[in-house]
Amino acid sequence: MSSLTRDTPARAQALQAKLGNARGPRFWRALEELADSEAFRRDLRGAFPRLADAAAMDRRGFLKFLGVSLALAGLAGCSAPPQGEMVPWVRQPERMDGDLPQFYASALPTAGYAVGVLVESHMGRPTKIEGNPKHPASLGATDARLQAAVWQVWDPDRSQAPLRDGDVASWDDFAEHALALDKRHRRDGSGLRILSGRVLSPTLAAQREALLQRYPSARWIRYEPIGDANTLAGARLAFGRPLLPRHHFERAEVIVALDADFLASFPGHVRYARDFATARAPDNGRMGRLYALEPTPSLTGAMADHRWPADMRGVDRFARLLAAELGVAVARDVPADAALQVRVRAAAADLRAHRGKGLVVAGETQPPHVHALAHLLNRTLGNAGSCVEYIEPPAPLEPPAELAALVASMRAGRVQTLLVLGANPVYDAPSDLRFADALARVGDSIHHGLYRDETARACRWHLPQSHALEAWSDSLDSDGRASIVQPLLRPLYDSRSAHELLAMLTGGESDGRALVRATWQARMGDGFEARWRTSLQEGLLPAPPAAPVRVRAASAFVAELPPLPKPAGEAPLELLFRPDPSLWDGRDANNGWLQELPRPLTQLTWRNAALVAPALAERMQLANGDVVELRLHGQRVRAPIWIMPGQAPRSVTVHLGFGRRAAGRVGDGVGFDAYPLRQSRMFWAAHGLQLKATGEHVELAATQHHFTTEASDPIHVLTLEELVAKASAPAEPGAAQQSLYPPREPGDYSWGMAIDLNACIGCKACTIACQAENNIPVVGADEVRRGREMHWIRVDRYYEGDPAAPGTQHQPVPCMMCEDAPCEIVCPVGATLHDSEGLNLQVYNRCVGTRFCSNNCPYKVRRFNFLQYSDVLTETYKGQRNPDVSVRNRGVMEKCTYCIQRIERAHIDADKDSRRIADGEVVTACQAVCPTQAIVFGDMGDPDSAVSRAKSSPREYLMLEELNTRPHTSYAARVRNPNPALPGDAA
Amino acid sequence: MSARAPTVRDDALLGAGETLQSVTDTIADRALDRPPSRPWLALFLVALGLTGLFMVSIAWLLLRGVGIWGINIPVAWAFAIANYVWWIAIGMGGTFISAALYIIGKDWRSSINRYAEAMTVFAVSVSGVFPILHLGRPEFFYWLFAYPNKMTLWPQWRSSLFWDFCAILAYLIFSILYWYAGLIPDLASLRDRARSRGKQLFYGVLALGWRGEARHWAHLEALMLVMAGLAVPLVFSVHSMVGLDFSEGLLPGWHSTIFPPYFVAGALFSGFAMVLVLGITLRRWYGLGAYITERHLDNLARLVLTMSLIMAYSYLAEIFTSFYSGDPFEIGQSMARFTGAYAWVYWLVIACNVLVPQLLWWPRLRRSHALLLLVGLTVLVGMWFERFMLIVDTLYRSYLPSMWGMFYPTFWDLAMLFGSVGLFLFLFLLFARWLPVISMHELRKLVHKRATRVVAEEGT
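Sequence lines, in order, name chains P and X.
Anchor point for the first sequence: position 582 equals 582 in my numbering, and the numbering is continuous, going up by one each time.
Anchor point for the second sequence: position 95 equals 1095 in my numbering, and the numbering is continuous, going up by one each time.
If you are wondering where the hints come from, they were derived from the structure by calculation, not from laboratory data.
Treat the hints loosely; a few may be bogus.
[To be verified] With beta-carbon atoms standing in for the labels, derived distance ranges: (1) X:L1316 with P:K878: 57 to 63 angstroms; (2) X:V1205 with P:K878: 54 to 60 angstroms; (3) X:D1327 with P:S728: 44 to 50 angstroms.
[What the hints assert, rightly or not] When the alpha-carbon atoms are kept at most 25 angstroms apart in a straight line, the in silico SDA-like pairs for lysine to any residue are as follows: (4) P:K726 with P:I715; (5) X:K1150 with P:N845; (6) X:K1150 with P:E250; (7) P:K951 with P:E250; (8) X:K1150 with P:G830; (9) X:K1150 with P:K726.
[Said to hold, decoys possible] Here are a few chain X residues that face chain P, going by a calculated C-beta distance under 8 angstroms: (10) W1060; (11) R1064; (12) G1065; (13) G1249; (14) S1402.
Note that the Cβ used here is the ideal one computed from N, Cα and C, for glycine as well.
Starting from the given sequences, assemble the full structure and let the hints guide the process.
Here is the structure:
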């Protein structure tokens, strides 16, 4: 066992020696071995620091709170009294009895654009988000952030009442203020500025137009910290106009990803992941091939057949060499060593061999000319039109320079009124703009948002915004397809939607629903009511998505490519900014589920870290958790480091979204804020970073620590050739192992699960979907650090090979539901037992908490309530809970149940109709959410069921089969399809 | 047969010149009249403090849950179970000395069996606290027991924890009865000698009306013989059961048939060490040199040495079987033991349990009380760490590398370990203060035996 800690070189040598001696695939999980961090410090800073200042209250403050308490006293229930007439249910509507969930179609934003969802509601309480199978951007799946949206509705830290100068005010007060505003800007609106995020709602866009007509000199700037400026600029270079590429990964047989994380952070990534998995299903002997170049490991890179770490310059160079190789007239003076030439030639040959069925994709983080080269290559290779189309941006943003202009005019005192709609620029604007200073010079500032965040605190007025599940709206997906956003409940607090707020400013219809209906009535015309009703049911408006634009590529830009940056040698490092996979730009920082979700690839929770390459850490003698100072252009930020295998040696990655100062009880002060390092001229990468060790150390809360030299081989990996050979070979007679126990009587059903490791992209949506479905508590950073996270389905991540460029594997691990379960025989009270349908049950009521079952579980899938983890005191959290699942208290063991509540529901439905449960009728939460459909669940007793078919794949294997536990959960081996022209170069 | 003078070895069981009267006087005096000595008081205060700490820890534990300890997934058992196994093992030694030596008629047990039995009772009591407290929901500990209930729910008979629960309960009840039965004649002696009304009542009630009739003695002798006969198999069964708690598991490092005998040997080892430690302490501070003699200490030291050799054999056998199995997990587990994160624990265990006791080969060293005390304490420490090693070293790295994790004790882990030592000391000191630490009636029997033998020898 060795690790990379203080005495790094020696350990790295030991590590390399081990890897060098290895035979067969060796999997390892992290460079740090916890064993060596004897300086384990009990960081007693709680993850949920209490609202300490609430105690220190003066008389004035007390009166304020008293006022709020009185104002909110009527809100103890779920919602305010309905404003319409109340009619009791004399006859209960069908399927409206209390224990049946209702599903409503809606749309929620992630990664910039909306995804269609179905929201599960129990007696008026939204409890769970599911993807909308009829929505093309979802196809039934969501990502992790969408799953967590339901937590946000019930977040007790949401803003609850309008505030004026920090004092509680009323909407009537603001209405008065709105009149004054109108008076102030009546003439032409000069001095009025509005700052918002992306305007996804067509209704809001119409209101924006109306407002700008009313106040012609006003400006409305749409800004997102995670925008698409490079992508659009790249299209402008190539096509002369800003367009967004829409990829068809299901048609692409060869993909070259230039720092393009299309599986996790592209707009539309949920659908992209599904398409990508479709193209890689290997069981018919064919699958696509993915080459990925990237400075920092991404989920897309982890799926690649060839993953080549390259810093920003390296990606740029590769793009030029590839273009040159494929006949684009790029200056040939790009330096390249022999190994790189081999790679470029191999990739180019592969692309050329798959004309019209290949793709070159550039990520938003790349400069415009790399995008333009990608567009040009796709045109040249005939991929455009088949594998990629171009559309007008459905919801455009202003170029970032507009934000700078806004700040300049604010600073110059030319802005009298600034209205901030749902944005948080004080926290996330580029640091060189010094937005907060400029804001202080604005006479009248108004913030409308879900939280009293940093910007709200800096504004004179703060107005609470209704959550997307509380108000009517509409929204566009990344294809420009519109959906209605319908409320699941009345606003919990005294909040308004953006539509209602704008109506206050511009006058006219003030009801959100009427506004949205008016937008679509105008567009649908005849038969509106019926179509509206259908749209509400199906979650899709009949309006067509944005039509593909016919483009003609101009290659003029090729002659004017910016010079490739000079090779840096030993010189300064580059700093990369990336959205946090969970918190995105920081908007979800107060979401406990997201904070505690182990980040894909790092497995870190509750904190961000500066990701550095193993070689850099070795050179600087740094171990995981050592605090460094990041110095860039006069800014200094302290951050713990995390050694990231596969990171480009000169690149250091920081994730945005942490270090919030006014996020709420969960998110305040978690991690470090990377925005101070981010300036408007370098959104994604900055050169000239200096790292300085501080000698401090913090214990990071990671859910993984170990790599192995043990022959446990939890993950099986095949190449496509091996798979084809295996599939054609006669099946080996299964060496049936003997058991001491008599065989069980087969029950009516035998539930089983098959997980396809070749489809799994490691996004962890399953983990959080399971958390939402099964009332799994959040435990906080300290408890995670102690190894007590509660997730029922975890996604293990293993590395293979050289730490500088390792192969990465993901493995979701729910309960294996062993037929001969080791946990069952050791429980003294029979709290865990087997049922006739092959389920390994956990009876919470009976559990006394000996924890022997967990000790004896070879897969370690059991989770224990070491403390009272479920927050049973905070009222609003109760609203989110799934009433079909017990809330577990202190001292009992819990684990994955295969969503037994869903199985029982299906039983009841089937029993009512005197029939068997149909295949596909029971869908577990993890299965439903999976963007790549890596999880299949069903009755193993039925040879025709989907799960039986999946389990007959030649790739199928059982984890730790030699223990003879006979699991019902099985895995399909990962398959790689490396280019034969690049032997020994596979990821 | 030639006439021979009483040898040192014979006499060494009892100081020369001890009479029926002097034996009873000396021992009863320590329980009845002599004011507590300074060392007793000092130690009592320490024990009281630690017991207080133990009680506070228990209160906090019940209030907050087992999460106050450092346990986690994968290491879901740690200090509590280690403490439990350690204490119950210590108890084992007392029963064995008292019962097995009684059956085979070894007289030298007479001076040490009383406090050894008391040690057993207290150690088992302290030990029994842990399996209950370690539960996530200690309030439902009785669910482990087969009791009639409306839901007709029974324990899960295949689980060793159920059998373990029965074994502890049986053993606790048995050891209390065995100890108490042997105490009755001495309680009657104290009753008769007590001068204050309170003490007369206290001892009188406990003596159950013992009048020293021949019939009483006959019954007592029969009872003690039967109980001793029961006790010996119980020692083996209880500790085999504790061993099965682990070997029932599927984990490499636990899943081994060697555990039951290995645990019995370990139990006797630590039990003998504790008897040795307590014997030396009592002898010195209670002035009992005439009864707990060099010969006793020498015998105990030899027992400790013997058990140490058996332990060494067990350790070797464990290593052998793991490599002989060819199972990569078993081999990996063994290698992790030697070189992994907790390698220091393993080597500490080897040093304390195998290496240090080898000093006892030298008779000269066996006569050094300080050294014996030190060896005894070393063995006790070593055995605690052995329990820790068996539990944590196995759990922290089982099959899937993704779920390997470390265990770090918290303040409350340590508080409960030292608190339990405090509680044991507290109980033992109370015993030493109020009850005869050496069985008066058995010593009198010894005096009588010696007298008859001397007379017989003189007569020839």
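Checked hints:
1. X:L1316 with P:K878: 57 to 63 angstroms: Holds, since L1316 (chain X) and K878 (chain P) (Cβ atoms, about 58 angstroms apart) stay within the stated range.
2. X:V1205 with P:K878: 54 to 60 angstroms: Because 57 angstroms falls inside the window, the suggested range holds.
3. X:D1327 with P:S728: 44 to 50 angstroms: Violated, since D1327 (chain X) and S728 (chain P) (Cβ atoms, about 33 angstroms apart) do not stay within the stated range.
4. P:K726 with P:I715: holds (17 angstroms)
5. X:K1150 with P:N845: This hinted pair holds, its Cα atoms lying about 15 angstroms apart.
6. X:K1150 with P:E250: Distance of about 60 angstroms is beyond 25 angstroms: violated.
7. P:K951 with P:E250: Holds, at about 24 angstroms.
8. X:K1150 with P:G830: With a Cα-Cα distance of about 16 angstroms, the restraint between K1150 (chain X) and G830 (chain P) holds, given a limit of 25 angstroms.
9. X:K1150 with P:K726: violated (57 angstroms)
10. W1060: This interface hint is violated because 12 angstroms lies over the 8 angstroms limit.
11. R1064: Check passed: Cβ of R1064 (chain X) comes within 6 angstroms of chain P, closer than 8 angstroms.
12. G1065: holds (4 angstroms)
13. G1249: holds (5 angstroms)
14. S1402: Result: holds, 4 angstroms to nearest chain P Cβ.
Checked against the numbered hints given earlier, the structure breaks hints 3, 6, 9 and 10 and satisfies all the rest.
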